[in-house]
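**Student:** Spelled out from the first residue to the last, the chains are:
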Amino acid sequence: MRALTCLVATGTLLVAATAWGQAPSFTARLGRNPVGVGEAFPFEINLSVDNAPMEDYRPPDFRGFRIVAQQPSQSTQIQMGGGGGFMRQTYTWHYQLVALQKGKLTIAPASVRVDGRELRTEKVTVTVVDSGQAQPAPQQRQQPGRGIPGFPGANFFFPDLVEPDPEPAPAPEPAKPAGRRNFLRAVPSKTKAFAGEQIAVEWQMYLTERQNNYAPTKEPRTDGFWAEELEVPQNRGGLSLSEQVLEGRVYLFAPLMRKALFGLHPGKYTITSLEADISRVDFFGATVKSEHLKADPVTIEIVPLPAGAPAGFDPSAVGRFSIAAEVDRNQVQVGDAITLKLRLDGQGNLRKIGLPAMPRLDGWKIYEPKLNVQMNRGDVIGGSKTAEYLLLPERPGQTTLPAFSFSYFDTQKAAYATVKTEPLQLTVTGEAAPAQGPRATAPVATPASSGSENLLALDVRPLRSRPSLRRDLGSALYHSPALLGVAIAPPLLLGLLSLLGLARARLGQETEGKRRRKLRRSANRRLRTATAHLREGRLAPSLGEIERVLTEFLTGKVGRAVTGMSREELRAALGRLGGGADLTESTVSALDTCDRARFAPGSINPEEASRAIDHAGEIIEAFEKLQSNAGGAA
Amino acid sequence: MSLRRVASATVLCATLAAFAPTARADFLDQAWKRGNEAHLRGDYAGAVAAYEQLDKQRVVSADLYYNLGVTYFRQGHLGHAIWAFERALVVAPDDEDARFNMLQARKLADQRAHDKLEGAEREALWTRLVTFFSPSTEVWLFCGLYLGCFALLFVRRRMAEDSRLAVTTAAAVLGSAALLAGALLLGRMNLDRIPYAVVLPDTVAVKEGADTNFRTSFEVHGGLRVRVLDRDQDWVRVRLANGLEGFVRTEDLGLL
Numbered sequence: 000m001r002a003l004t005c006l007v008a009t010g011t012l013l014v015a016a017t018a019w020g021q022a023p024s025f026t027a028r029l030g031r032n033p034v035g036v037g038e039a040f041p042f043e044i045n046l047s048v049d050n051a052p053m054e055d056y057r058p059p060d061f062r063g064f065r066i067v068a069q070q071p072s073q074s075t076q077i078q079m080g081g082g083g084g085f086m087r088q089t090y091t092w093h094y095q096l097v098a099l100q101k102g103k104l105t106i107a108p109a110s111v112r113v114d115g116r117e118l119r120t121e122k123v124t125v126t127v128v129d130s131g132q133a134q135p136a137p138q139q140r141q142q143p144g145r146g147i148p149g150f151p152g153a154n155f156f157f158p159d160l161v162e163p164d165p166e167p168a169p170a171p172e173p174a175k176p177a178g179r180r181n182f183l184r185a186v187p188s189k190t191k192a193f194a195g196e197q198i199a200v201e202w203q204m205y206l207t208e209r210q211n212n213y214a215p216t217k218e219p220r221t222d223g224f225w226a227e228e229l230e231v232p233q234n235r236g237g238l239s240l241s242e243q244v245l246e247g248r249v250y251l252f253a254p255l256m257r258k259a260l261f262g263l264h265p266g267k268y269t270i271t272s273l274e275a276d277i278s279r280v281d282f283f284g285a286t287v288k289s290e291h292l293k294a295d296p297v298t299i300e301i302v303p304l305p306a307g308a309p310a311g312f313d314p315s316a317v318g319r320f321s322i323a324a325e326v327d328r329n330q331v332q333v334g335d336a337i338t339l340k341l342r343l344d345g346q347g348n349l350r351k352i353g354l355p356a357m358p359r360l361d362g363w364k365i366y367e368p369k370l371n372v373q374m375n376r377g378d379v380i381g382g383s384k385t386a387e388y389l390l391l392p393e394r395p396g397q398t399t400l401p402a403f404s405f406s407y408f409d410t411q412k413a414a415y416a417t418v419k420t421e422p423l424q425l426t427v428t429g430e431a432a433p434a435q436g437p438r439a440t441a442p443v444a445t446p447a448s449s450g451s452e453n454l455l456a457l458d459v460r461p462l463r464s465r466p467s468l469r470r471d472l473g474s475a476l477y478h479s480p481a482l483l484g485v486a487i488a489p490p491l492l493l494g495l496l497s498l499l500g501l502a503r504a505r506l507g508q509e510t511e512g513k514r515r516r517k518l519r520r521s522a523n524r525r526l527r528t529a530t531a532h533l534r535e536g537r538l539a540p541s542l543g544e545i546e547r548v549l550t551e552f553l554t555g556k557v558g559r560a561v562t563g564m565s566r567e568e569l570r571a572a573l574g575r576l577g578g579g580a581d582l583t584e585s586t587v588s589a590l591d592t593c594d595r596a597r598f599a600p601g602s603i604n605p606e607e608a609s610r611a612i613d614h615a616g617e618i619i620e621a622f623e624k625l626q627s628n629a630g631g632a633a
Numbered sequence: 000m001s002l003r004r005v006a007s008a009t010v011l012c013a014t015l016a017a018f019a020p021t022a023r024a025d026f027l028d029q030a031w032k033r034g035n036e037a038h039l040r041g042d043y044a045g046a047v048a049a050y051e052q053l054d055k056q057r058v059v060s061a062d063l064y065y066n067l068g069v070t071y072f073r074q075g076h077l078g079h080a081i082w083a084f085e086r087a088l089v090v091a092p093d094d095e096d097a098r099f100n101m102l103q104a105r106k107l108a109d110q111r112a113h114d115k116l117e118g119a120e121r122e123a124l125w126t127r128l129v130t131f132f133s134p135s136t137e138v139w140l141f142c143g144l145y146l147g148c149f150a151l152l153f154v155r156r157r158m159a160e161d162s163r164l165a166v167t168t169a170a171a172v173l174g175s176a177a178l179l180a181g182a183l184l185l186g187r188m189n190l191d192r193i194p195y196a197v198v199l200p201d202t203v204a205v206k207e208g209a210d211t212n213f214r215t216s217f218e219v220h221g222g223l224r225v226r227v228l229d230r231d232q233d234w235v236r237v238r239l240a241n242g243l244e245g246f247v248r249t250e251d252l253g254l255l
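If you read the sequences in order, they're chains A and B.
One point on numbering: in numbering that gives the first Met the number 0, the residue at position 465 of the first sequence is 464, and numbering is uninterrupted.
One point on numbering: in numbering that gives the first Met the number 0, the residue at position 235 of the second sequence is 234, and numbering is uninterrupted.
Since the hints were derived computationally from the structure, they do not count as laboratory data.
Hints are supplied without guarantee of correctness; some may be wrong.
[To be verified] Below, simulated DSSO-like cross-link-like pairs (lysine-lysine); rule was C-alpha separation at most 30 Å, straight line:
(1) Lys-191(A) with Lys-267(A)
(2) Lys-191(A) with Lys-412(A)
(3) Lys-115(B) with Lys-369(A)
(4) Lys-106(B) with Lys-340(A)
(5) Lys-106(B) with Lys-351(A)
(6) Lys-206(B) with Lys-288(A)
(7) Lys-206(B) with Lys-115(B)
(8) Lys-267(A) with Lys-32(B)
(9) Lys-115(B) with Lys-513(A)
[What the hints assert, rightly or not] Listed next, the stretches of chain A that the computed footprint assigns to chain B, with coverage defined by at least 3 CB atoms under 8 Å from CB atoms of chain B:
(10) 207-216
(11) 459-466
(12) 478-488
Keep in mind that this is a model prediction, so the values were computed, not measured.
Ideal Cβ placement from N, Cα and C applies to all residues, glycine included.
Go ahead and model the full structure; you've got the sequences and the hints to work with.
**Tutor:** This is how it looks when you write it as structure tokens:
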């Protein structure tokens, strides 16, 4: 395998070596054959000579064809070796042709004179068939607007866009004329640029046939860029249409819009689509066919400028610039003005770039400059920016106006550069006197030490550099939904509290029935306790509970404490309850039994205590019954 | 879930709740410092980027707008500078520095191009009344009076019958004042439904419709105050003080 490789390499070298020193070759080559009527195809004439002069090239007679594009190119091959050097020149004329009729057409020979000898190419016969029947054009992997298909490397529409394309070519598609379509596209001059560097973007329209109306519906947004309009060739105020071949197809081409963009900050920015409507109208002006076109958005990467910027560098100063300063005269009398013109020329964002500051001059009054920007909006933004200063001398003497220096980033050299003006010598004659110059709207500054009027330009008060940001909570609350909460919450809360109070008041109210139930519950509880004491043989506590149950119950019924009452008072109170003499006496007797048990516990036996519990229960029941009868009668 | 877990989760939530505003405040303060430092060393683009980052965080601060205005002014973007100073004045109408700087910027902008509006009407009395105070003042005034009124009503519930009359009277006075402050606030909110805006670029062509193809009705210049009536995608319908109307791109206006 290695031997085979060596053999092939040696053979190639031999062939190459013999090629030099050969007679000139002059050939014509057809990109493809057959071709369809109306379809563009490449045709190439090639001349290869050894360091011999070439003159009087005569192109072939392209009868039956129309030339839609042509471009000459030249290349030189040089080889130096031990046996001497060889140099071979290759001239190539690229043509894009369109066959106008069907049949076998002949392209006549081209001629050229080399070293006094005339060379001619062979005739080339082209078979022209109906449109769509010809073999498809070989598809090149091609960026929009780059080169002519069929001639790899040839790129004479956008010569500055030639760059190797490392990506593999996609699968070829047949170039059918039926595949032609109207479309818009945006072509940036570059997709990666330094911050502040100029990028030209052109929006183009390709039409398969002539249209009557074109109306942009959405203009592209160029957020993240400083944008300047560039001139677009126009034809009598309308679009400038021309024929152009793209991917082997002939289109009507028109540039729509061009912008020069300057990236403001590093990052990736997308330029949105241009959208437009095109339409055809009939004889009466009615729309026959309309179509909405949209260009693809373009993403551009802005990279930061490299480190090492000179002091006072303006980040907008990216491009190529020169600076000049001149005065209208070098000698002047006190009181007469001199005009100083400081002019910056070049290509870049001239409107944004600041000119070098005017230094203070002792004995001179300097007025606010008149700024003027002249912009050329051809292929790129360029032009000049001029500051015109009025200098008024106030005392005689010699003054040197120091050099103005301007630093910029040179995109071609990818390095910072500084340009300077020459210092200017100014001579002032006459007597020192207070100058009465023309009234300026805003003088820059005058030296305070000169004793003259110290006029200061319009300016703003300085920055606030507090250590922390003071926020306005009131305004934040104004824009916040919380304000609604503040408005709603207090009345809501007050209403809720009122409702709660009402409910509580209602729940807390003690009715007669409630009170009776409470008394009854308490009495039952105490009677159970008394029974429990009795069961355990504790007679005195048992009867103490009975006394408590009766006094509590009767207090509740009578409405005042019965413990402090005499027996007569108690009888009278119970009588008022309407229980009758029997019930009254029975109650008093029960209370007496309890008293006896308290003062003479030994006088009570368990049976008597059990009876007392039953008796107390009967008294309570009798009074309850009495009360419910009274309530029912009422 | 055990009691310990519940307690841990509660502590974590409380810590997060306590530190989240602090972290945000630190971030905002850092951006603020970055902007100030960039401005002081002459990097105005960097300063604007830092201040705009704060603005995007919806920070409402007269200081922020003031510094943004000064930086725009240094960059020569007078329309933007006027807009920023106007925003500072909306937040703090008594900010003397912002008012001075806004007038300076307007003077310079007028030297470039001046929009003289023939037949411009003075703002209605109601509008002037409503915008006499800052939104912040109106909000605090309303909240103070309103909450004070209700606080008295709450207190009244707990008071003895004989001292209730005085508290009721005080609550009624505060309530009436809160109603007035609330009316001012509602008036401002109503006014904000048709917001003001400031023209940002040096020159803007005002179109007859929301498209570049429409005829240019007239031109306005950076710093002019307009009312925003309506929006149509990337376009807004604006009205000048003298009643002229037209369409401009959204990006050419700064809302107040």
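**Student:** Next step is simple, just say for each hint if it's right about the structure.
**Tutor:** Hint check:
1. Lys-191(A) with Lys-267(A): Cα-Cα ~9 Å, so holds.
2. Lys-191(A) with Lys-412(A): holds, 16 Å
3. Lys-115(B) with Lys-369(A): holds, 24 Å
4. Lys-106(B) with Lys-340(A): Distance of about 26 Å is within 30 Å: holds.
5. Lys-106(B) with Lys-351(A): With Cα atoms ~21 Å apart, Lys-106(B) and Lys-351(A) stay inside 30 Å; holds.
6. Lys-206(B) with Lys-288(A): holds, 28 Å
7. Lys-206(B) with Lys-115(B): holds, 18 Å
8. Lys-267(A) with Lys-32(B): OK: Lys-267(A) and Lys-32(B) at ~26 Å, within 30 Å.
9. Lys-115(B) with Lys-513(A): violated, 86 Å
10. 207-216: holds (count 3)
11. 459-466: holds (count 8)
12. 478-488: Holds: 4 residues of the region 478-488 of chain A have a Cβ under 8 Å from chain B.
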